[in-house]
Amino acid sequence: MFLNYNLNTEDSEMNELALASKRLFDAESLNASNFKMFPGSSRDTTAEQFSLQINKVISQIEAGDFDIVDMDDKD
Amino acid sequence: MENGFLELYNYCQTLEPVISRKILRLKVKEIKGTTPQCIKTSMDQNTSRGFFVTADNTNSPFAQVAQSYGNNVIVLARDLNKCWERFVYTKELMHVFDDRNESVNTPKKFEELLNSFEVLTNDQDYINSEVVAFWRALSCLCPEKNRQEFIESYNKGHIDFYGIALRLRIPAQYVPSLFHERFLERAKAIRN
Numbered sequence: 001m002f003l004n005y006n007l008n009t010e011d012s013e014m015n016e017l018a019l020a021s022k023r024l025f026d027a028e029s030l031n032a033s034n035f036k037m038f039p040g041s042s043r044d045t046t047a048e049q050f051s052l053q054i055n056k057v058i059s060q061i062e063a064g065d066f067d068i069v070d071m072d073d074k075d
Numbered sequence: 001m002e003n004g005f006l007e008l009y010n011y012c013q014t015l016e017p018v019i020s021r022k023i024l025r026l027k028v029k030e031i032k033g034t035t036p037q038c039i040k041t042s043m044d045q046n047t048s049r050g051f052f053v054t055a056d057n058t059n060s061p062f063a064q065v066a067q068s069y070g071n072n073v074i075v076l077a078r079d080l081n082k083c084w085e086r087f088v089y090t091k092e093l094m095h096v097f098d099d100r101n102e103s104v105n106t107p108k109k110f111e112e113l114l115n116s117f118e119v120l121t122n123d124q125d126y127i128n129s130e131v132v133a134f135w136r137a138l139s140c141l142c143p144e145k146n147r148q149e150f151i152e153s154y155n156k157g158h159i160d161f162y163g164i165a166l167r168l169r170i171p172a173q174y175v176p177s178l179f180h181e182r183f184l185e186r187a188k189a190i191r192n
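Residue numbers (our numbering), protein chains in the order written: chain A, 1 to 75; chain B, 1 to 192.
A portion of the hints provided could be inaccurate.
[To be verified] Simulated pairs of lysine-lysine, PhoX-like, Cα-Cα distance not exceeding 20 Å:
no. : chain 1 : residue 1 : chain 2 : residue 2
1   : A       : K56       : A       : K22
2   : A       : K74       : B       : K29
3   : A       : K74       : B       : K82
4   : A       : K22       : B       : K109
5   : A       : K22       : B       : K108
6   : B       : K22       : B       : K40
7   : B       : K40       : A       : K74
8   : B       : K145      : B       : K156
9   : B       : K82       : B       : K40
10  : B       : K22       : B       : K82
11  : A       : K74       : B       : K27
[Stated by the list, open to error] Computed spacing ranges between beta-carbons, pair by pair:
no. : chain 1 : residue 1 : chain 2 : residue 2 : range
12  : B       : E152      : A       : D65       : 44 to 52 Å
13  : B       : K108      : A       : R43       : 20 to 28 Å
14  : B       : G163      : A       : D65       : 35 to 43 Å
15  : A       : R43       : B       : F179      : 18 to 26 Å
Everything labelled a hint here was simulated from the structure, so no lab data went into it. Since we're looking at a predicted model, the values are computed, not measured. No residue lacks a Cβ here, since even glycine has one placed at the ideal position from N, Cα and C.
Please take these sequences and the hints and turn them into a complete structure.
This is how it looks when you write it as structure tokens:
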């Protein structure tokens, strides 16, 4: 019995943007009143690729996978 | 509308490089009453180097990181070198001065923002705020008197872009922007 995944590539790409939007802006999620970002070195990153990264970061933070930066010690 | 950035800018003009993030953070706290929490996590730097988020659902795990920080969080990529970490932090810090029109707070604006990084110009305030924050960060990390000195030294052949980057502790790729013929105009525009 094999599970037959029939993912439509276009749908799966759109899912990352929709997912990131919900995770950022839904009232029951972050309810973000502002979101800004510093892009990376690639100059042809799509909205879906950005969203994939954002979703990963949100998951990491919600799982406690982050370090607090002590700004009192920062030059 | 006066949003406090002018006060930060004027304060930075009294400082000498290297202008520390600690000093910037303390001044922002004095002006705005709060300053963002700063955290690091793993991030693909080809895609992104950092984020600024105001998370208003204080029950969310993400927002709990930002409690006591005005719900604001700056997220940095874990493996940035010092110069990149300084600049990304400072640019994201400038977003504490975003007003409502400059805020990305809906899915539609969010999608437009993500698509805007390939587009050189955009009329929307919430897209332009990214560019504004860039120039604000530069103008705070490099006081005008030092910028003029660097230009003079460079034109005399006494320093190169890499040397300027080291003096300011910013990524070398942003040093040419200090020489932009409209730097002051852009700095004045964002100050006003």
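query = Going back to the hint list, which numbers does this structure go against?
reply = none
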